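S.K.: These are the residues of each chain, in order.
There are 2 protein chains.
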Amino acid sequence: MILDICLSPALYPFYKKENDTVVVVDIFRASTTLCAALSNGASAIIPIADIESARKYKSEGYLVGAERNTRKVDFADFGNSPFEYTEDKVSGKEVVFTTTNGTRAIEASKEGRQLYIGAFSNIDAVVNSCLTGSERVVVLCAGWNNRVNIEDTLFTGAFAEKFIREAGATPGSDGVDMARGLWNLAKKNPLEFVKTSDHYQRLVNNGAEGDAAFCFEENTVSVVPWFDKSEGKLRIR
Amino acid sequence: MILDICLSPALYPFYKKENDTVVVVDIFRASTTLCAALSNGASAIIPIADIESARKYKSEGYLVGAERNTRKVDFADFGNSPFEYTEDKVSGKEVVFTTTNGTRAIEASKEGRQLYIGAFSNIDAVVNSCLTGSERVVVLCAGWNNRVNIEDTLFTGAFAEKFIREAGATPGSDGVDMARGLWNLAKKNPLEFVKTSDHYQRLVNNGAEGDAAFCFEENTVSVVPWFDKSEGKLRIR
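Chains as they are written, first to last, in my numbering: chain A, 1 to 237; chain B, 1 to 237.
Quick caveat, the hints were computed from the structure, so don't treat them as lab data. The model shown is predicted, which means the values in this text are computed figures rather than measured ones. Heads up, some of the hints might be wrong.
One copy or any two copies: either way a pair holds, since identical chains are not told apart in the list.
The list that follows gives simulated cross-link-like pairs (lysine to any residue, SDA-like), each with its CA atoms no further than 20 Å apart [stated by the list, open to error]:
1) Lys17 x Asn145
2) Lys17 x Thr170
3) Lys195 x Asp177
4) Lys16 x Asp198
5) Lys195 x Ala169
Using the sequences and the hints, build the whole thing.
M.R.: This is the structure we're talking about:
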């Protein structure tokens with residue numbers, strides 16, 4: 001098997017191959033939040049790119065999670081904190097979801113063979129899901145406005161360490177060893193490692209410091225969000 | 001001052017700002033080779049994107065350096081090895097130059113305020129050139145077919161360490177700390193660090209192992225190739 005890592009949705013066209021399994025990662029916070037919502041019983045997540053569509057869904061009675069630049073959009077039921085999507089609010093319901101970067105990465109890669117959502121929250125489960133189905137797995141970082149970011153890159157390094165051990169996978173390009181190197185530098189205390197980063201600072205400025213710490217906790221859930229192409233929805237199988 | 005790092009020409013539109021100084025980097029081997037050619041007395045380098053234009057220049061009597069996928073193009077005078085551009089061959093002459101990735105990065109960024117070519121060969125000189133002229137410096141990796149690569153990223157980390165120390169510059173985004181982290185992992189023996197990389201292996205397969213070692217030697221020249229927009233040529237001032 002081949003493992004590759006793509007650090008930005010804008011680079012994905014240069015990594016893309018037919019029949020790939022793609023793992024979309026947006027550690028702060030979309031992929032962590034999607035894991036929380038589905039683990040808490042949401043029946044599906046409808047990922048959408050733009051705020052106007054989210055508003056339309058809201059007017060039709062859907063629950064809506066919508067975030068731009070780290071803040072909840074005014075008309076939405078939820079922002080992008082994993083702690084908002086509690087069982088009592090989401091269980092059995094479909095939730096429409098749009099975030100700054102996460103949905104862009106899903107849009108870029110949803111034509112692949114299968115698309116999973118990965119986070120530290122579900123890292124072992126998503127590694128396990130990738131062991132079968134495709135000969136090539138690409139971990140795709142959501143990044144920040146198409147620029148690379150450190151927290152998504154650290155996840156890709158952690159994923160690579162586990163996946164190469166489990167699957168005996170071969171790196172597809174230099175990004176894999178770069179990410180592993182960074183993860184090995186950071187893994188003793190990843191939160192400390194990202195404290196000077198742009199996104200961590202934005203979270204702190206918006207009172208979401210606790211979210212950031214949670215986003216580095218491994219294996220808090222066992223679900224793997226999976227993109228159902230026929231319906232355009234994320235579910236668990 | 002602000003320092004930013006962009007790991008691929010395809011990401012440059014998301015980092016670009018007016019009045020930037022851009023340092024284009026293609027460690028294996030275009031930026032190392034450009035430094036060698038100008039240090040050995042070439043009067044100018046004409047960077048071009050495509051092979052057909054190179055052929056036309058050749059028919060007009062120009063010296064031509066042309067490489068695709070690590071190999072010299074058949075009709076060219078030189079490939080992409082810094083050792084080919086010796087003083088007896090290039091002194092006083094204009095050389096047309098096209099490589100797989102390096103000229104793509106120059107094309108992407110040549111509209112900035114000023115464009116320099118950086119390599120380990122001229123790292124102190126190029127850091128010094130960037131201390132004046134712009135409030136923001138972006139180091140732009142040529143990468144490999146728009147994918148990120150490890151040798152260019154290591155250079156950006158080495159550049160960042162020096163430039164932040166000299167200029168007191170502030171990182172513009174996460175890429176800066178990522179590159180510094182990798183450089184600090186690799187700096188005791190960067191050649192060893194890249195030995196599993198795609199591009200190093202391609203160089204070895206083409207008999208250019210010695211080039212790779214040379215490409216990590218610091219400060220072998222004191223020139224800073226600079227892009228003269230009015231003429232579309234690289235020169236030293």
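S.K.: The structure should be examined with respect to each hint, and the outcome stated for every one.
M.R.: Checked hints:
1. Lys17 x Asn145: This pair counts as between: shortest inter-copy Cα distance 15 Å, intra-copy 23 Å.
2. Lys17 x Thr170: The answer is within: 16 Å in one copy meets 20 Å, while 38 Å across copies does not.
3. Lys195 x Asp177: between (23 Å within a copy, 11 Å between copies)
4. Lys16 x Asp198: between (28 Å within a copy, 18 Å between copies)
5. Lys195 x Ala169: between (31 Å within a copy, 18 Å between copies)
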